[in-house]
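Trainee: Below are the chains, spelled out letter by letter.
2 protein chains.
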Amino acid sequence: MVESWSFLDTAESNFRPLVVIELAKGTKEETIEWFTKRIVDKKANGGAQLLIKPLVTENGVENIYLVGASHLRLLLGAEAVGLVKECSDNSMRTFTYSSRKTFKHYADDNHDFLTMAECQYIIKHELENLRARDEKMIPGYPQAKLYPGKSIVRRLLTSGILIQIFPLHDREELKKLSHSWYGRVKIGYQPLDDIRCYFGETIALYFGFLEYFTFALIPMAVIGIPYYVFAWEDYDKYVMFATFNLLWSTVILEVWKRMCAILTYRWGTLLMKRQFEEPRPGFHGVLGINPVTGREEPMYSSIKRQLRIYLVSLPFVCLCLYFSLYVMMIYFDLEQWALDYHKENESNFSSLMLYVPSIIYAIVIEIMNLIYRYAAEFLTSWENHRLESSYQNHLILKVLVFNFLNCFASLFYIAFVMFDMKLLRQSLATLLITSQILNQFAESLLPYWLQKRYNRRMRKRMCSTKTDMDLSLDEQVNMEKEMGTYLGTFDDYLELFLQFGYVSLFSCVYPLAAVFAVLNNITEIYSDALKMCRVYKRPFAEPTANIGVWQLAFETMSVISVVTNCILIGMSPEVDALFPDSKMDLVLTVALVEHLLLAIKFIMAFVIPDKPRDIQMKLAKLEFESLEALKQQVRAFQMQLHFLLIHH
Amino acid sequence: MVESWSFLDTAESNFRPLVVIELAKGTKEETIEWFTKRIVDKKANGGAQLLIKPLVTENGVENIYLVGASHLRLLLGAEAVGLVKECSDNSMRTFTYSSRKTFKHYADDNHDFLTMAECQYIIKHELENLRARDEKMIPGYPQAKLYPGKSIVRRLLTSGILIQIFPLHDREELKKLSHSWYGRVKIGYQPLDDIRCYFGETIALYFGFLEYFTFALIPMAVIGIPYYVFAWEDYDKYVMFATFNLLWSTVILEVWKRMCAILTYRWGTLLMKRQFEEPRPGFHGVLGINPVTGREEPMYSSIKRQLRIYLVSLPFVCLCLYFSLYVMMIYFDLEQWALDYHKENESNFSSLMLYVPSIIYAIVIEIMNLIYRYAAEFLTSWENHRLESSYQNHLILKVLVFNFLNCFASLFYIAFVMFDMKLLRQSLATLLITSQILNQFAESLLPYWLQKRYNRRMRKRMCSTKTDMDLSLDEQVNMEKEMGTYLGTFDDYLELFLQFGYVSLFSCVYPLAAVFAVLNNITEIYSDALKMCRVYKRPFAEPTANIGVWQLAFETMSVISVVTNCILIGMSPEVDALFPDSKMDLVLTVALVEHLLLAIKFIMAFVIPDKPRDIQMKLAKLEFESLEALKQQVRAFQMQLHFLLIHH
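Taken in order, these protein sequences are the chains called A and B. Using full-length UniProt numbering, read the first sequence as starting at 1 and increasing by one per residue. Using full-length UniProt numbering, read the second sequence as starting at 1 and increasing by one per residue.
Chain A on its own, in the form it takes in the complex (with noise of 0.2 Å):
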């Protein structure tokens, strides 16, 4: 960060490749040197100073370089960055090198103070960083243009110059994890803190929440299965299951938040403060000067992008959901046709084949769910949102409000429209079932399958049977650099959130979907555990807090669920039985309990503190601190200036 320390930094005797960057072939010279030249620079003249090397391969020299960095340089990185470490008393607090001796496990010498899954982001920060000075393009690229402040690295990606930047997997440790993790059968938990270690606080919070999530889900299983087991048709029980079901999933999304908030308190997230955004990679427009910054970055219209979301995006959703509705129209269509086919040749094959139609319309679901999936992306990209995180939003919410359409809307059209209890519950579960094992399929053990195969053959040409532990540097870069790349948690978090849906809409009809639902969380965590392993490159550590916008949308289906679920009870014939004389006090009644339950559920939120007890006196004590380390600043800045009064 400072001269003084940078004559350390030329020291290259424990160099330790972190992060691996692959420029794309036939780069210029001119470019690669000044690329790198940049990256080893000291931070004084605007470099990164950090440490970068070529791969040598057997076929000689390709565009392939291993980044690393000193001890030193981490250690001011992870300031940098803002990271929050563990200290000797056992608080959490910010990461400074002056305050370094305070930390636990810190030493001079020990190197693994940092996680090797830190060091990769904070060079990944350090990188990301790297910005353009009074370099007008990208040298031998003229149509890459730069301006101040624009980050190198962005440019360079967006240009094609560089291909990927991804950090390495560490054998050893993996081969640890994932024996820990998946390698033998167990009940118990999953090592999280370890997969936070190794794959950043993001991913860990998703299995940490699949966890979670699955835990919950078993007492509404275990009361679902005698439903199943004894053919319980009685529906005051099922309006005791729904109820249960309805207060259960309110009080299992507040306890997350206090789980969620202890699990990122401990990984040190809680406390991390939230960096200054930057404008998306993707971002463009004309040059103008930021009025926030003051800095000089491209400027994009706020009213072009309002209407291109109003005029085009909105249009365009609505028309899918459209589309969707058709779909399902013709999916009743064949639904009928099977039955009248049942009806008219009875046999195993036709009962069989009453199944079909809703198979089928899982697979195009699954299909159609899909393809809109890259039309959202491209329209959201489209608008040209400046934020990442304005961007997520737009991508979530358009993603969100058709799938969950698409999955739910014949099950709506069944039960509220035809009235059709017994198909509603087959449908529910043929959907159910086709959905996860589709998933569980294409996400993870066909990319298992084909990285295998991939690796098989790579072992072939490399004429080796080493194991994955013997091979060397260039090889491993070379297998990792042909993996897959990990897109976030967003799918797996949607997945769960569709299968919450299956689970809590139509929990009096089916209770058996949790049953279902645990079971398949199960396998996931293990396919899930998988796929990062083995199938994908290793993502970049992402610092969170928490599940972000999915808490929103989990706790908004829970209150779509009571209406749901009171409405289905309000409309089975047991019910109707109680109020012989009146369907209005019926009506009523089923109208008082939802907005009853709805009062219960919003008053339980309000209770139920987000954070437990010993987590808000944590929290309260480091701010005091932090007021109290205030104070004595502006103190010793005052009696520095009354010195320098007094002395000059």
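Careful, some of the hints might be misleading.
Unchecked claim - These stretches of chain A come out as covered by chain B in the derived footprint (C-beta under 8 Å, 3 or more residues):
hint, stretch
1, 280-294
2, 584-593
3, 612-626
Since the hints were made in silico from the structure, they are not lab data. Computed from a predicted model, the values in this text were never measured in an experiment. Note that beta-carbon positions come from the ideal geometry of N, C-alpha and C, so glycine has one too.
Use these hints to put chain B onto chain A, whose structure you have.
Mentor: For chain B alone, kept in the frame of chain A given last:
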């Protein structure tokens, strides 16, 4: 703050009295000496470094002291309380003494840079933060225990040695303010910025809300008038009115958040950092170590408090609610009796008698509210909350629940049990109008009249015919110390909250309610202004960024009113007639409409940003600057370290 400036503080040449301290008669000399010494003592010696002067009246020295401070001391105090002021470049920034020259209107000789209200707030803050050091008790009063860090002023207040501390009025400013505020009949806005300068942000924000709310009700009132004038009984129109009302109330509450952000940004309180909250004055317990601050202070077991809340307070509140319902039933008996009487001997008198039960009930409601208010305050104080904010939240919750039931239970009963729309309209009108008249009388006119009579008597005793402006300082102090104390905006907001209930809960039955509310609020502005300027002691300014829990209360009311209005419309015979075949369809339609309205409300609340775009930008800019400054600071610190390492 530091010694280097303290020599300035001895220059008492232009002592301006800001705050009055009244000690009990017969306070021991040693106590007075110790207390005044602590007030004038240097910061470094643990004093407040303020100026203090005894008030000399014709009767000699009474135990009344005037407190002031040097200009420099006030500027340093402004930094300590974290005041935010406007800079020369029109941005709002936290004031620091070292950057004082960058602020608008700052000049070393401009003593109006800080408003008088700000100066008084600073002095109050400094007095309250005058803390015991090694004293074990207040000298002369062995029973008044002290411990290191205990606020001396608070202990003096709780042991009755200190009677009161209040800021002085500025007669000249007050005359100007009252003239522009309520002195002339005019259509226009209140001088909110002047109110804020004189009374502080909390009170100015209340008047801002009152004004905004009155303007916001005008569209409802305007639409409501023709319903009365043309005696429209057509329910189509009522439906339209109710729908408009429901959406409108959401819009006004959301827009208020934006208005509030604009006001408090201009006043600087939107940016003020929350200070660390000290235990409230009444909090008591056994001395222990606070785990957050590490300081010695009274501790009280949270379990004990919970027991008090759930085993005493909660049952008591329930009992009160039951009692309120019991009184309501008596009212209905009375109502029945009046009706019978009217039927038997029909006359002008008897038709007037029809209104008497409602009027009596309205008066009883007000009295019950008042008594309950005292009980709630006693109970909440007995619950022994550590923080003022927690005390306030528990008090507000208690009072809101009771007042809501007490005021609206009879209306709910009439509407949804008796189904008597005519009686509902009549009751609503009587309750609304009676409570408005009672409130205006009890809150402003009566105290004003009492105060005026008292002042007249005082003057007679002083044998003077001077006007307020010519009063000498000691006459002014003696007059003001006898004035009532303004207890905060709680009652004023509560009144508006209940009014909002009357207007919105049954708006489709009685559209004229909005008209009465508007008329009441216009006079309310004048009577409240009168009350602030003439009846009460000047209150200390209290910085605040929003109306706090009242926003939530108003929003909850607006959600409840969606439900009540939908039911009312569903019950009307005209809507009934639209569904001649099936009551079911009617109820289902009403339920559907209700859910749609609720969904629209939530989406609107979600979509309308809480802060206007330009305020968002300004906040983002400030955040960016503070992050940049932090980076600079770290860099500067490292440079300094480097410098030291090289030169030593």
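Trainee: Output the indices of the hints that this structure fails to meet, ascending.
Mentor: Those not satisfied: there are none.
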